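Novice: Top to bottom, those sequences are chains B and X.
Okay, so the first sequence: first residue is 1 according to our numbering, each after it adds one.
Okay, so the second sequence: first residue is 1 according to our numbering, each after it adds one.
Think of the hints as simulated: they come from the structure by calculation, not from any bench.
Quick caveat: nothing in here was measured; it's all calculated off a predicted structure.
Incorrect hints may have been included.
What the hints assert, rightly or not - Chain B is nowhere near these chain X residues, computed Cβ spacing over 12 Å in every case:
no., residue
1, Ile44
2, Glu69
3, Lys76
4, Pro77
5, Leu78
6, Ile82
7, Gly83
8, Ala152
9, Leu153
10, Ala159
11, Ile165
What the hints assert, rightly or not - Cross-link-like lysine to any residue pairs, in silico, SDA-like; alpha carbons within 20 Å at most:
no., chain 1, residue 1, chain 2, residue 2
12, X, Lys39, X, Lys154
13, X, Lys154, B, Ser129
14, X, Lys148, B, Lys28
15, X, Lys148, B, Ile5
Unchecked claim - Just so you have them, the derived chain X footprint on chain B, three or more residues with Cβ under 8 Å:
no., region
16, 29 to 35
17, 60 to 70
18, 83 to 90
19, 130 to 143
20, 180 to 190
Don't be surprised by glycine CBs; every beta carbon is placed ideally from N, CA and C.
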Amino acid sequence: MVNLIWVMMALIGIVFAAANGTMEEVNKAVFESAKEAVTISIGMISILVFWLGLMAIAEQAGLLHKVARLFMPLVRRLFPEVPPGHPALGYIVSNMVANMFGLGNAATPMGIKAMGQLKQLNGGGDEASRSMVTFLAINTSSITLIPATVISIRMTYGSASPGEIIGTTVVASTISTIGAVLIDRYYYWKRTRKGRKP
Amino acid sequence: MAIVQLLSVWLIPGLIAFILLYGTAKKVPTYEAFVEGGKEGIEIAFSLIPYLVGMLVSVAIFRASGALEALMEVIKPLVEAIGLPAEVVPLAAIRTISGTAALGMTTDLIATYGPDSFIGRLASTIQGSTETTLYVLTVYFGAVGVKKMGDALKVGILADILSFIVSFFIVLFVFGR
């Protein structure tokens, strides 16, 4: 499916540009976006090194384990395939907590680390496991407590109450996260019913 | 608001201090652990490059050609039929694909219609309550080298659609039109 979407976006774009006379814009966009992608990746080095370094301390001190245990009842239900006490759970919980507080740049390194651990648990193959799909579902709909960027935009444009959308955002993102987990469960159920590898 | 701002300023330094204190108390060789753990970050960032270049170029072609806008025009009547304001549709559609484009659009909607209008509040809620699914997928799977995504993309896109619909009803319910 990813292959299809990826190819379709590019092909439809090029055909559309031919019909619409926007080929020049496409040309520019190709190289600008490639450059942007490298800039983003390289730019991530700083936060990745910093947070993964800090989390290594937290892991060795047993802090991650403690944090994971705090949320154990919830996390164990969400990720039944991960053995209790596995370090992946600590990173998963840290990622969720960081996301909740709007610490996007801390959440990403922890999420990547959690993914790496889940991959190891899955035997190191290049296929997404059940837990990985669940983890992504939770991350793409991420529970937000403080949408800082949006609040600052609202302030800039003179809102009478920039923070008034915190409530609606929290409710919307909580419901959609629960929904995402249910959708994920539904697809898992469909996979197992078909008798495919879960 | 003052409390929220204060909290967001204190959060990260507080967390750093806490982890360092805790590590020291547990006799972890803090500096060495930091350096060892941090090394991994460099590798991850580099292995991410091809995934991100591939995805962002494809999205950029789609956007720059005008195909995305055309797609929006097709979706518009369908969404208007359900009762969603047409102005927010492009934002909902692009939120899944491109984070920077969505942020630009949110800013534009807030600037045009005012932050305290129905559209302004709805755009704010949509922007804040969901992540850029395609980007999250690319980064998380790319960083650890997972190529076969399984149902992840489907689940992510459906969750996004759900999130827009929920946002619409919550904003309607809380603030009214």
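Novice: Is the claim that Ala152(X) lies outside the interface with chain B correct, judged by CB distances over 12 Å?
Specialist: Answer for Ala152(X): violated, closest chain B Cβ roughly 5 Å.
Novice: Within 20 Å, alpha carbon to alpha carbon, are Lys148(X) and Ile5(B)?
Specialist: 13 Å, holds
Novice: If I take the minimum Cβ distance from Leu153(X) to any residue of chain B, is it greater than 12 Å?
Specialist: Leu153(X) is in fact no farther than 12 Å from some Cβ atom of chain B, at 5 Å.
Novice: Are all beta-carbon distances from Ile82(X) to chain B longer than 12 Å?
Specialist: At about 17 Å from chain B, Ile82(X) clears the 12 Å cut-off, so the statement holds.
Novice: Taking the minimum C-beta separation from Leu78(X) to chain B, is that value above 12 Å?
Specialist: 19 Å, holds
Novice: Taking the minimum C-beta separation from Glu69(X) to chain B, is that value above 12 Å?
Specialist: 10 Å, violated
Novice: Just checking, Ile165(X) versus chain B, shortest CB gap more than 12 Å?
Specialist: 9 Å, violated
Novice: For a C-alpha distance cap of 20 Å, please report whether Lys39(X) and Lys154(X) respect it.
Specialist: Distance ~34 Å between Lys39(X) and Lys154(X) Cα, so the pair is violated.
Novice: Is it correct that the beta-carbon of Ala159(X) has no partner in chain B closer than or equal to 12 Å?
Specialist: 4 Å, violated
Novice: How does the coverage statement for the region 83 to 90 of chain B fare against chain X, requiring three or more residues with Cβ below 8 Å from a Cβ of that chain?
Specialist: violated (count 0)
Novice: So is the region 130 to 143 of chain B in contact with chain X by the C-beta rule, three or more residues under 8 Å, or is the coverage claim wrong?
Specialist: holds (count 9)
Novice: Could you check that no beta carbon of chain B comes within 12 Å of the beta carbon of Lys76(X)?
Specialist: Holds: least Cβ distance 17 Å, greater than 12 Å.
Checked against the numbered hints above, the structure violates hints 1, 2, 8, 9, 10, 11, 12, 14 and 18; every other hint is satisfied.
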